[in-house]
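Visitor: Protein chains in written order, with this note's numbering: chain C, 1 to 399; chain A, 1 to 231.
Any given hint could turn out to be false.
What the hints assert, rightly or not - Within a straight-line C-alpha distance of at most 20 Å, the following computed SDA-like cross-link-like pairs (lysine to any residue) qualify:
| hint | chain 1 | residue 1 | chain 2 | residue 2 |
| --- | --- | --- | --- | --- |
| 1 | C | K102 | A | P135 |
| 2 | C | K102 | A | F140 |
| 3 | C | K9 | C | E52 |
It should be emphasised that the hints constitute simulated quantities derived from the structure, not laboratory data.
Note that this is a predicted model, so its numbers are computed, not measured.
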Amino acid sequence: MLRVSTLKKRDGFTLKAEFEVPTPGVVALFGRSGCGKTTLVNLISGLLAPDEGRIQLNDTVLTDTRAGMSVPVEQRRIGYVFQDARLFPHFTVLGNLRYGLKRSRRRGVGRVGPLGGAAPAAGARAGAAAGTAAAGGTADPPAIEFDEVVELLGLGSLLDRRPYQLSGGERQRVGLGRALLSQPRLLLLDEPLASLDMARREEVLPYLEALRDHLAMPMVYVSHQFDEVLQLATHVVLMEAGRVVTHGTLNEVSVRPELRAIVGPDAVGSVLDGIVTRTDPAQGMADLRLGHGTLFVSLQNVAVGARVRVQLLARDIILATQKPQGLSVRNELQGVIAELAPDDHDGVLVKVDIGGEVVLSRVTQDAATALNFQPGTRVWALVKAVSTRGHTFRVATGT
Amino acid sequence: MNDLLSPAELDALRLSLEVAGRAVAFSLPVAIGIAWILTRVRFPGRSVLDAFVHLPLVLPPVAVGYVLLVLFGINGAFGGWLHDRLGIQLAFTTGGAALATAVMSFPLMVRAIRIALENVDLGLEAAARTLGAGPWDRFFTITLPLMLPGVLAGAVTAFAAGLGEFGAVITFAANVPGVTRTLPLALYTAIQSPGGDPVAFRLAVLSLILGLLGLLAAELLARYVRRLLGR
């Protein structure tokens, strides 16, 4: 668990943040540029000291101003991946990667298990970490091995290079590897993709997913791009103007009005996690089990049983009061209207409960009146399968 | 070499190199420390320390030599103590010449190191911190290597300037052949002697060659370090 309760005033800007999120997991600090996300990660890392507050990671209190204590940055074991990578220019990639590793060994942290043998298979690690967390939570995660990180991040061919010889994406991967090898208990990522162009981002994102899925490393991920959050996060802390406006699981936060205020009406949509029950590789489609229903979505390269996250944009969802016939729409999710909230001047945001899960639909005020939408009205939420293209993401099997 | 230079000239050359070398070796760590304090630490009296460090730049060298004589002469406040307790005598010795040279070139060195230190990205030190490096560890593995070009530039400049230090050396350490008679002092002595012109000329040429070599070495060193830092 990461518990933050902190106040920091600086140059006329006030940051007041209070939240608690479980670990392991990926917490996205999401908000517009300048809302205090970086200040908050700096407070967690210890690079900034809070005016007041307390920050706790699992059993370790990192800062407590009331008790007058603060663990020095260099002893916190919190990895930090900076937006600008901050690789040491006078070291090779290998030297950069070893910098934190050597120091963690000197302090005797993150030692290999009893036999000190080969690193366990990547898949086994997630299970092992989850096991120790369940057993009591005090045990450190197993050591992160050099070879494992090099392989996971594809750094093998870069080891002899100097930072100036690397592309932006490679730099971020090295920065990520360097932070991981310092054997952190928590990894902070401050917009690691922000300085990269689209192609480079696509190059780095899968590595971040691999970290989340194979190392079970608790991460705090700062971003102002919601698609990154969708792809990586398990929890979201939503920030605006130095305050935490709401926080919760991604699925919870996705249907909250505070998110709409930040991402805008067109990016609003519920985020649902489902399990693949059938695949159709020829068409690049798959069936997802969601709540009580099944959703036919655009999804490639997945296996049956995989956990998949899908975002259903509110503006793409059609509501029908009767089971429709003769439509090209491939998905009909039966549900009950839970809530109607005014959205735009001419629109209504309808929350539909489809059996435990919530789907959001934006309809015009006219339509809502004509169809006499009320809380409790039975409806069918219609989802075009093609509208899910680019809005489906594989998520960790364990978390 | 022996055919080219007379024993006295060789002595002067050797002494110049030794004095400048010892001056740099002695003052470099101190200069790095002072530069670090002036750049990184905010404390009352910082500008006083800054001014004090720069004093040798604006004082007549003879005045600096005189102050050293007062402080480090055998009857001086520190000099007496050093002599009685440790048996060290600075005035009128090669070590004294090195001390005078070090004091004179100190501001040059601090200036160069300070500029280098100001250019070191604090973000890299912060990164090192998050990777578990404590203050000294960070200094020796990140800060110092990154400011190395400036440190070397400062050292080479101070060395080159030290080869030619005259006023402070002659005042504090006098003009003792084979002990404190460095190149400029030998040159001065030659000019003062009747018929010393040829010797003076040779020594002037020697100084010139030495200076050129110094500048060349500085450039090569800078190039090497730049490559070391990967730029």
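Visitor: All hints, please: hold or fail.
Guide: Evaluated hints:
About 16 Å separates the Cα atoms of K102 (chain C) and P135 (chain A), which keeps this hinted pair within 20 Å; it holds. With a C-alpha separation of about 15 Å, the suggested pairing of K102 (chain C) with F140 (chain A) holds against the 20 Å cut-off. As the CA atoms of K9 (chain C) and E52 (chain C) are separated by approximately 10 Å, the hinted pair is consistent with the 20 Å bound.
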